[in-house]
Amino acid sequence: NESGNGPSWLHAQNDILYAVNEPDDKIEVFTIDDRIQGKLTSKNTVSSQGCTPASLDIDSTGKWLAVANYGGNGTSNFALLPLEKSDFSKEKDAQVTTIDGDGPNRKRQEHSHCHQVQFHQNYLYVVDLGTDTINVYHYNDTNGEVRLNHQIKTAPGAGPRHL
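Residue numbers (our numbering): 4 to 166.
Incorrect hints may appear among the rest.
[Said to hold, decoys possible] Cut-off 25 Å, straight-line C-alpha distance, at most; resulting in silico cross-link-like pairs (PhoX-like, lysine-lysine): (1) 95 <-> 29; (2) 66 <-> 46; (3) 29 <-> 66; (4) 95 <-> 46; (5) 42 <-> 29; (6) 29 <-> 46; (7) 66 <-> 95; (8) 156 <-> 110.
[As the list claims (entries may be wrong)] Label-pair ranges, simulated between beta-carbon atoms: (9) 17 <-> 104: 28 to 38 Å; (10) 41 <-> 151: 35 to 45 Å; (11) 139 <-> 87: 25 to 35 Å; (12) 156 <-> 47: 30 to 40 Å; (13) 40 <-> 153: 42 to 52 Å.
Since the hints were made in silico from the structure, they are not lab data.
Keep in mind that this is a model prediction, so the values were computed, not measured.
Note that the Cβ used here is the ideal one computed from N, Cα and C, for glycine as well.
Hey, can you work out the whole structure from these sequences and the hints?
Below, the structure is given as structure tokens:
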């Protein structure tokens, strides 16, 4: 399988394809060599900085990749990884934010479950199935720092997944 062992989200930007691989807790970077034939070449694989990555997005500057880690063992997080020539050469500078909390549905909301991340202007939206919230963070595209701006509460037990 050219896009990894279990890609749960793909994101193409120019001639680069990013895939989150859920079973491996990894992000894989490919060059798109032939769009018609679907030919990819693997360039790099890095940690998603968490467990069970569910989605990713790249900011409008092309400098930051955000990944939502659905989580396991009672924790969930999202991470911002600096992109350096799309190869993650500065992976060590990742900004990781853990989200705490739970929801009323004990079968699937025993703790936070970050399900999707999406950039919009200077904000990063983090959809959390486990806490029934959409967390809106202000992010600094210079250093990748995030600060919780506000939370959008959904109906108890709704378990939002996507924007």
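Structure-based check of each hint:
no.: 1; hint: 95 <-> 29; result: holds (14 Å)
no.: 2; hint: 66 <-> 46; result: holds (18 Å)
no.: 3; hint: 29 <-> 66; result: holds (19 Å)
no.: 4; hint: 95 <-> 46; result: holds (18 Å)
no.: 5; hint: 42 <-> 29; result: holds (21 Å)
no.: 6; hint: 29 <-> 46; result: holds (13 Å)
no.: 7; hint: 66 <-> 95; result: holds (15 Å)
no.: 8; hint: 156 <-> 110; result: holds (20 Å)
no.: 9; hint: 17 <-> 104: 28 to 38 Å; result: holds (37 Å)
no.: 10; hint: 41 <-> 151: 35 to 45 Å; result: holds (40 Å)
no.: 11; hint: 139 <-> 87: 25 to 35 Å; result: holds (27 Å)
no.: 12; hint: 156 <-> 47: 30 to 40 Å; result: holds (38 Å)
no.: 13; hint: 40 <-> 153: 42 to 52 Å; result: holds (46 Å)
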